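Student: From first to last, the protein sequence lines stand for chains A and B. Mapping the first sequence onto my numbering, position 149 (from 1) lands on 149, and the numbers just tick up by one. Mapping the second sequence onto my numbering, position 108 (from 1) lands on 1108, and the numbers just tick up by one.
For the record, the hints were derived by calculation from the structure and aren't laboratory data. Because the structure is a prediction, the values reported are computed rather than measured. Do not take every clue at face value.
Unchecked claim - With a cut-off of at most 16 Å between alpha-carbon atoms, the simulated EDC-like pairs for lysine to aspartate or glutamate come out as follows:
#1 Lys1179(B) / Asp157(A)
#2 Lys180(A) / Asp138(A)
#3 Lys180(A) / Asp1157(B)
As a plain string of letters, each chain reads:
Number of protein chains: 2
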Amino acid sequence: MNFTVKLKNSISTSASVLCVGLDPVPDYIPKPMREIYRDDDKLILEFCRRIIEATKPYVCAYKPNTAFFEALGSRGWAVLESVTDMVPSDKILIMDAKRGDIGHTALQYRHAFFDQMRADAITLNPLMGMETIDPFLDDPEKCVFVLAMTSNRGAADLLQRRFEGRLSLGEYIAEELAKKRNNSSSHLGLVTGATQPDWIRPVLKAFPDAHLLIPGIGKQGGSVSELADVLKNHKGLPVINSSRSVIYAGGDSEDWMEKVAVKAAMVKESLSIITEKYV
Amino acid sequence: MNFTVKLKNSISTSASVLCVGLDPVPDYIPKPMREIYRDDDKLILEFCRRIIEATKPYVCAYKPNTAFFEALGSRGWAVLESVTDMVPSDKILIMDAKRGDIGHTALQYRHAFFDQMRADAITLNPLMGMETIDPFLDDPEKCVFVLAMTSNRGAADLLQRRFEGRLSLGEYIAEELAKKRNNSSSHLGLVTGATQPDWIRPVLKAFPDAHLLIPGIGKQGGSVSELADVLKNHKGLPVINSSRSVIYAGGDSEDWMEKVAVKAAMVKESLSIITEKYV
C-alpha cells in the first residue's frame, strides 16, 4: 500500500499520531519480566511483544531503534527481525537506523531495512550528501525520514547553525530534500525534534508537505501546545514519538502492562489537539 | 594495548599504511567461491576469511563496513562477529559503522562495537552534535574516526560548504573534535577522503595530530603523490583504505586469492612514499 495512504489510515483508525519507540534496555525492563526471562535476547523480545500488545490501540506507528538491538549482537539483530514481524500490519513500522553512506553502501542498508525487514520507513543521516538518500527513493510504499532538526542539546553544534544564508543547517537540509519531490517514488519526511519549536518553523517552511517524525515528547520535555502551533501550516502527516516515558511507565510493578497502556492512552489524549487537524 | 601504540606497531611490522575494507557483496565474489558456498552468509564468511589470509602481510588494518553484513540480516550480523574474530590480533580492526545518535543510544552502539565485537576503532557521524561522540571516549585502547571530509561527490552538498566562517563544515568538525583532546582517554581520528586534497588541508590544519582514516584510494581514484604532499605536516597516524579494488581484484579466476594478494602488495607499494614518513 502507498505509504501516505497507510499512514493516513493508521492515524485515522487509531485516532492517534503517537508512535511508540522501542528502545529496550535489559536493566530497565520490569522486574517481573526479568525474573521470567534470564537471557537478554528473550527478555527484550518478550518485552517488545508486550509493549506492542499493551499500546496498539493507542498508536499509529512503532519505531525500533537499531542501536538497542545491535547492543546484543547477532542475537539482538534476530530479535529485531522478530519484533518487526510482531508489529501489526496496519501500523507503520519506522526503523530508526540513522544510516548515511555513499551509494553502493546505502543500497545495502536499503536492502537490510526495506527488503529484508520490510520496514515502511527509515531514518537517514544526510551528512555525507543528498546522494546518500537516493537508493531509498524508488518505492511508493516507503518513506524516508531525514534528520533535519533533532531534539538533543547537541543540535546546537551543527544543525542549529547558520548555513548558506539560511537560519540553520537543518533548514538547508529540508530545502535540499524538498528538491527531490519530483524524482522520488518513495515518500519524503524529516526528523524534527519537538523541543525546538523556533527551529522547526523555518525547517517546515522550507518543506511544508514533508511527513514529520517528531521525537522529544515525554522524557525530553517538548510542549504539545507549542508543537500544535508550529504545525498550523503543515501539509504532510506527523508521527510523534515517545519512547522511554511510555515503555518504562510500568516500573517494576506486576501490572506494568496496564500502566504502560494507561500511559500510552494518556499521551495519545494529550496529543489530540494535534491529531484532530489530521483525521 | 594503547590504540596509538598498536597502530604504530601494526604499520611498522607490515611496513604498510594500507587498510583493506571488507565490503562483501555475494554477486561480486569470485565464481569459484560461489560454486562451493551456496548460502550467502557462508559465502561472505569464507570470502572474508580468504581475503584476510591473502592480504595480511600487506596491511595494518581491516575495516568491515556494517552495511554489507546487515544486508543479510541476523545471519549477516553473525558473520560480522565471526569476521571480527578472524582479524589477526596485531592488526587494527576498524568498524565502519558511521553511527551517530544521542547519548543513551550512542552508549548502545559503543557496547555493540567496542565491548561485544572488540573493534579497535569505529567511524562516527557527528551531524547530531559532538555529544554523540562522547560515549566512545573513555578507553585508551580505542579510537574514533569522525566523518569530516568524505571522498564522494555528495561531500559537496554539506561537508564542503562554508560554515561558521571556516572554509568548510568538515574543517569546523575537525576543530570541534580537537577540543575534546584533553577530555578523551580514547584516541581521536578523522575520516578524510583521498580524492579531496584541497579540502583536506584545512581540515588537517585544524587538527594536525588526529589519526586519519583515508578512503578513496583505488576505485574512487585518489592520487598518492598529492596525498603525500597533503600529509607533510600531519602528526597523527594514517590508515589508507582500499576496498573494492583489492577484494575483487581476482575476478572470477581460479587463482583469485593470488591476484588479491598481488594487488594488495602493489597498493601497499604504491603507498610507500607515504608509509616511510610514519615508520
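Student: Taking the numbered hints from earlier one at a time, note which ones the structure violates and give those numbers from smallest to largest.
Tutor: Going through the list in order, the structure violates no hint and respects every one.
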